[in-house]
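Here's the letter readout for the chains.
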Amino acid sequence: MINKRLIQIIGALIVYIPTFFLSEGTPLQLSLYVISYLIAGGSVLLNAIRNMRPGSFFDESFLMSIATIGAFYIREYPEAIAVMLFYQIGEYFQDYAVNKSKRSITGLMELRADYANLKINGDIVKVEPEEVVVGSLIVVKAGERIPLDGVISEGTSFIDTSALTGEAIPAEVGIGSEILSGCVNLNGLLVVRTTNSYGESTVSRILELVENASGKKSSQEKFITRFARYYTPIVVIIGVMLATIPPFVLGLGTFDTWLYRALAFLVVSCPCALVVSIPLSFFAGIGAASKEGILVKGGSYLEALAKVDTVIFDKTGTLTKGVFEVENIVTFNDVERDELLEMAAYSESHSSHPISDSLKRAYGAEIIDKRIGDVQEIPGLGIIAYVDGRKVVIGNRKLMDQEALSIDISNDEVLGTVVHIGIDGIYGGYITIADEIKTDTLATIKELRKLGVTKIVMLTGDSNKAAMKVAAELGIDEYYGELMPGDKLDKLEDILNGEGKGKVIFVGDGINDAPVLARADIGIAMGGLGRDAAIEAADVVIMQDEPIKVVTAIKLGRRIVGIATANIVMALGIKGIVLVLSALGYASLWMAVFADVGVTVLAVFNSLRALKRKG
Amino acid sequence: MKKTYRLENLGCANCSAKMEHKISKLKGIEEVTVNFFTGKLLLVVGDNIYADDQLEKEIEKIIKKIEPHVRLKEL
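Residue numbers (our numbering), protein chains in the order written: chain A, 1 to 615; chain B, 1 to 75.
This is chain A alone, in the form it adopts within the complex (with noise of 0.2 Å):
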């Protein structure tokens, strides 16, 4: 398609070069102007007849054979041809520009593998994703895409998830490891059980996201296609009546001049760039922020992101690792720190809580299970455990009361998570635990407030004095702790009711909190794939685990906003102008072809801006 449109232009432009050298009005000049013009415009004017019918009186092939037709009557030849050439040059760069940003979109659907190795009775058969039962066994081999959703049941590898993820560093799977589809199996042979169909696959609902990201128009969006509804027959209406009222009702003129002005006002009246281009520049936006791991469901929430105010972080998980580290070991009596520690972790080594992996990583070393003797778990207080004949007691404060340790800290003096000890009837000392700060959350939270941002909101579902530790670490200045889910809503609903201006970011990451995501201006999930309720309720989802997206993404909706304005005030200046010009007579049908093809494509050009990554 793009190919037979060059040639068309190539060919009417060998035709209309001779002209040049032609005398004037001479037959053979004649004659060249036609060829080339119906080279140029052929197309053109059988669309328009293969179109004709009430009410396509508007098409945009009709209005240019209308105008050209009329630049032929009144004998201006080269602009007829003119008008028809940079009609056709426009259209080519607007499928170049259309196909490019198609591309850019489609790069994700590369993510889909073509085919999955099946394994049945022995063999293995070549089929597509899309056959294969939830249950079977695939074969993955090295440098293959994984192409659905599965469990490994043989074998060990590396693979590649940064095209989910952006995580450059391979991870390392191994029998019962979950595997998601699009990623690449990098080294070793795998056998993995599936646990989703293909249309159930990470992959498939990535592409499906992506794709119908449009439907939710943004607000431009919209106003160009109310727009585009009246625009053009009321410059075509205003055409009319130049051509006909000044030299029959006024008696001005003769009327070859108010058709050449009127013709112009045909041209121009192709709402086109805008039509075009808008829309172009939320979907190239929508591509490029796929390209940087970042979903987003539609241009409305490209233009929302660009008018955020207040940003709403969920801790746990999202600002925070959410996974537990010892912190601190402060310790009393002359015990020695990796006493306190080895004693902790052996004594908490038999109990699943999160707090007793955090002292077992700590610890490092191999637990050896037969110096542990008895253990006795006390319910909402700690434990008492003898470690090498040694009674070790570990837990709260007030288990340590209840044993008689006297502790000589006063409780507000520590923060986070606290488990104190105590050794053969002695204070040893505590441990402190704490969730890690991501390593991009202040950078961050810096960023957002550069941006403009003015409120910064912290929710947790943890103790106060934890979230006040995270909070002033970080600058956050506002922050609830002790939040079961439901209260989250209602601080949020506060906030939404509050006096900012702006629209409400809730970055969470997706777990126990999708009414929140769903009832924010924009709720981003962080890290939500493979969880179904989070992709569904949020309007972003960011794939990889990096709070510092969100500033991507706040980045992105202002720039694509940014290109969609000036797109509309370039075209409708550049077209408000040419249409005053040539209705008082100093415009030609050259600045009218201007004004519309070379507007389309600038504006093209400038939408295509947003794909690229910086800038």
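Think of the hints as simulated: they come from the structure by calculation, not from any bench. No experiment lies behind these values; they were computed from the predicted model shown.
Derived lysine-lysine pairs resembling DSS-like cross-links, with alpha carbons at most 27 Å apart:
#, chain 1, residue 1, chain 2, residue 2
1, A, Lys-291, B, Lys-40
2, B, Lys-64, A, Lys-216
3, A, Lys-612, B, Lys-40
4, B, Lys-73, A, Lys-102
Starting from the known structure of chain A, arrange chain B on it as the hints suggest.
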């Protein structure tokens, strides 16, 4: 009820905007978007308003008037 169609050979952005507007005027249509770039038509229609392929016929009528060479395909 949510429905998705592919519009094959969709040629111009303005036409797709026109189609969207006309389809939105059909009975029982709650939401409709035509995406010129992906060639997809997404709509939400009330249940039990159209029998069999009545809705598709109505949509085809609209499409034929605006761009005769476009084909409608349900996905």
